[in-house]
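Asker: Using the hints, position chains W, Z and U against chain G.
Number of protein chains: 4
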Amino acid sequence: MKQLQQLIIEFRDVRNWKQFHNPKDLAISLSIEAGELLENFQWKSSEEAIESRLENIKDELADVVIYAFLLSDALGVDLERIIFDKIKKNEKRYPIEKSFGSKKKYNELG
Amino acid sequence: MKQLQQLIIEFRDVRNWKQFHNPKDLAISLSIEAGELLENFQWKSSEEAIESRLENIKDELADVVIYAFLLSDALGVDLERIIFDKIKKNEKRYPIEKSFGSKKKYNELG
Amino acid sequence: MKQLQQLIIEFRDVRNWKQFHNPKDLAISLSIEAGELLENFQWKSSEEAIESRLENIKDELADVVIYAFLLSDALGVDLERIIFDKIKKNEKRYPIEKSFGSKKKYNELG
Amino acid sequence: MKQLQQLIIEFRDVRNWKQFHNPKDLAISLSIEAGELLENFQWKSSEEAIESRLENIKDELADVVIYAFLLSDALGVDLERIIFDKIKKNEKRYPIEKSFGSKKKYNELG
Numbered sequence: 001m002k003q004l005q006q007l008i009i010e011f012r013d014v015r016n017w018k019q020f021h022n023p024k025d026l027a028i029s030l031s032i033e034a035g036e037l038l039e040n041f042q043w044k045s046s047e048e049a050i051e052s053r054l055e056n057i058k059d060e061l062a063d064v065v066i067y068a069f070l071l072s073d074a075l076g077v078d079l080e081r082i083i084f085d086k087i088k089k090n091e092k093r094y095p096i097e098k099s100f101g102s103k104k105k106y107n108e109l110g
Numbered sequence: 001m002k003q004l005q006q007l008i009i010e011f012r013d014v015r016n017w018k019q020f021h022n023p024k025d026l027a028i029s030l031s032i033e034a035g036e037l038l039e040n041f042q043w044k045s046s047e048e049a050i051e052s053r054l055e056n057i058k059d060e061l062a063d064v065v066i067y068a069f070l071l072s073d074a075l076g077v078d079l080e081r082i083i084f085d086k087i088k089k090n091e092k093r094y095p096i097e098k099s100f101g102s103k104k105k106y107n108e109l110g
Numbered sequence: 001m002k003q004l005q006q007l008i009i010e011f012r013d014v015r016n017w018k019q020f021h022n023p024k025d026l027a028i029s030l031s032i033e034a035g036e037l038l039e040n041f042q043w044k045s046s047e048e049a050i051e052s053r054l055e056n057i058k059d060e061l062a063d064v065v066i067y068a069f070l071l072s073d074a075l076g077v078d079l080e081r082i083i084f085d086k087i088k089k090n091e092k093r094y095p096i097e098k099s100f101g102s103k104k105k106y107n108e109l110g
Numbered sequence: 001m002k003q004l005q006q007l008i009i010e011f012r013d014v015r016n017w018k019q020f021h022n023p024k025d026l027a028i029s030l031s032i033e034a035g036e037l038l039e040n041f042q043w044k045s046s047e048e049a050i051e052s053r054l055e056n057i058k059d060e061l062a063d064v065v066i067y068a069f070l071l072s073d074a075l076g077v078d079l080e081r082i083i084f085d086k087i088k089k090n091e092k093r094y095p096i097e098k099s100f101g102s103k104k105k106y107n108e109l110g
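Residue numbers (my numbering), protein chains in the order written: chain G, 1 to 110; chain W, 1 to 110; chain Z, 1 to 110; chain U, 1 to 110.
Heads up, some of the hints might be wrong.
Since copy identity is lost for identical chains, a pair holds within one copy or between any two.
Below, a list of computed lysine to any residue pairs in the SDA-like style, where the Cα atoms sit at most 20 Å apart [as the list claims (entries may be wrong)]:
1. Lys86 x Lys105
2. Lys2 x Arg81
3. Lys2 x Asp85
4. Lys88 x Ser52
5. Lys2 x Phe100
6. Lys92 x Met1
7. Lys104 x Glu80
8. Lys2 x Glu80
9. Lys86 x Ile50
10. Lys86 x Asp73
11. Lys18 x Ala74
12. Lys2 x Lys103
13. Lys103 x Asp25
Calculated directly from the structure, the hints in this document are not laboratory data.
Pulled out of the complex, with its shape left as it was, chain G reads as follows (with noise of 0.2 Å):
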């Protein structure tokens, strides 16, 4: 993950454009990217979706996740480190026994 982070910061950096990435900014690109992700399964079943748009799909989620790695540099946190964090939060958020094989939201569980 260091590695692909290093990758990206430095496709940033030759091309100058740190000046540009304010978190604000990037916080839409991402959800501008999740759009774009998300039009490969308009009009059609997951099934659908993959046998025709697999590769635009696997570019888009890329895509996704780059903004991810570029906004959490901009603000100055480790991506692993809150992924793991937020993973910590969820197991207590949803504890096993009440969540086993359960759609609801944490906030609907009895």
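Answerer: Just chains W, Z and U, lined up with the frame of chain G:
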């Protein structure tokens, strides 16, 4: 990255959630989380958002990447691999000499 | 508004598209269009976006509302009515004296 | 539609909110609301969503269109007009004979 992936898959599997995780609903979920991330910047400058909402920004950013891991797993693709491939593609789309210090999209580069 | 609604429904029906227009895919479509609208503001101030992208902003904004009409039709609800009802709800959530000149969400108002 | 527009503008103005309503933040807000609308369909079929979440779907759909009105006002454009113009554009993009019963995008139509 493999270790995080494993933690996330395990989190899913001990809760028996794989049954819900079709790619279309995962792409929807990722897009929803991207919106929740963006909500932290609504009516705010980057600085104001970071000052008042950094903890939530970190949580939502982590959620986005957690869904990216889950979607890559549901698709049977390697997340590191597709990011690496996309960086290579972006390097061709954005040659350094043409894109240096420029905000233009690749299809607008002269 | 009824006249626009009628035009949109007619546009859909002469193309035999109602068969695709389940509420879930319409909500997905509306969200995708909202992302395309937002893309016009990526890396730009409001002023820069308006100067260089106003035509596209108008098109994408229209697409969002067209999908809102289509979704309301698929749900069997009256779009004017639900907007009117929501304004009434918002008036209660945001009493003038508490929300005057404030960016706070209703659940943050003291 | 003019009457709704007026109600929404009045709601904004008696709260002195126009100062916050720059087009970029309004486009962000519209996109966030579109995500909240979509959240009602997460992990659900259209039927399940309607059965359990119709009230919230109506509220979020209304919020999307309220932001569309606010954005059109901030841009100084007439919402009815741009929708009408877009329908005309769509009629050219999607000729009936080519698009009848087809899910294809206009740029994929033969």
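Asker: Work down the list of hints and note, for each, if the structure agrees.
Answerer: The hints, checked one at a time:
1. Only within a single protomer do Lys86 and Lys105 lie at most 20 Å apart by alpha-carbon distance; the minimum there is 15 Å, versus 25 Å between protomers.
2. Both within a single protomer and between protomers do Lys2 and Arg81 lie at most 20 Å apart by alpha-carbon distance, with minima of 11 Å and 14 Å respectively.
3. Taking CA atoms no more than 20 Å apart as the test, Lys2 paired with Asp85 passes in both settings, with 17 Å inside one copy and 16 Å between copies.
4. Taking CA atoms no more than 20 Å apart as the test, Lys88 paired with Ser52 passes in neither setting, with 37 Å inside one copy and 23 Å between copies.
5. In this homomeric assembly, Lys2 and Phe100 never come within 20 Å of each other (Cα to Cα): the closest approach is 33 Å inside a single copy and 24 Å across copies.
6. In the homo-oligomer, the alpha carbons of Lys92 and Met1 never lie at most 20 Å apart, since the shortest distance is 26 Å inside one protomer and 22 Å across protomers.
7. For the homomeric pair Lys104 and Glu80, neither the shortest alpha-carbon distance inside one copy (27 Å) nor that between copies (30 Å) is at most 20 Å.
8. Within a single copy, Lys2 and Glu80 get their C-alpha atoms as close as 9 Å, and across copies as close as 11 Å, so both meet the 20 Å cut-off.
9. With identical chains, the CA atoms of Lys86 and Ile50 are at most 20 Å apart between copies only, with a shortest distance of 18 Å across copies and 29 Å within one.
10. With identical chains, the CA atoms of Lys86 and Asp73 are at most 20 Å apart both within one copy (18 Å) and between copies (19 Å).
11. For the identical chains of this complex, Lys18 and Ala74 are intra-copy neighbours only, at 9 Å inside a copy versus 30 Å across copies, given an alpha-carbon limit of 20 Å.
12. Taking the shortest Cα distances, Lys2 and Lys103 never come within 20 Å of each other, neither inside one copy (33 Å) nor across copies (26 Å).
13. Taking the shortest Cα distances, Lys103 and Asp25 sit within 20 Å of each other only across copies (12 Å), while inside one copy they are farther apart (32 Å).
The structure fails to meet hints 4, 5, 6, 7 and 12 from the earlier list, while all remaining hints are met.
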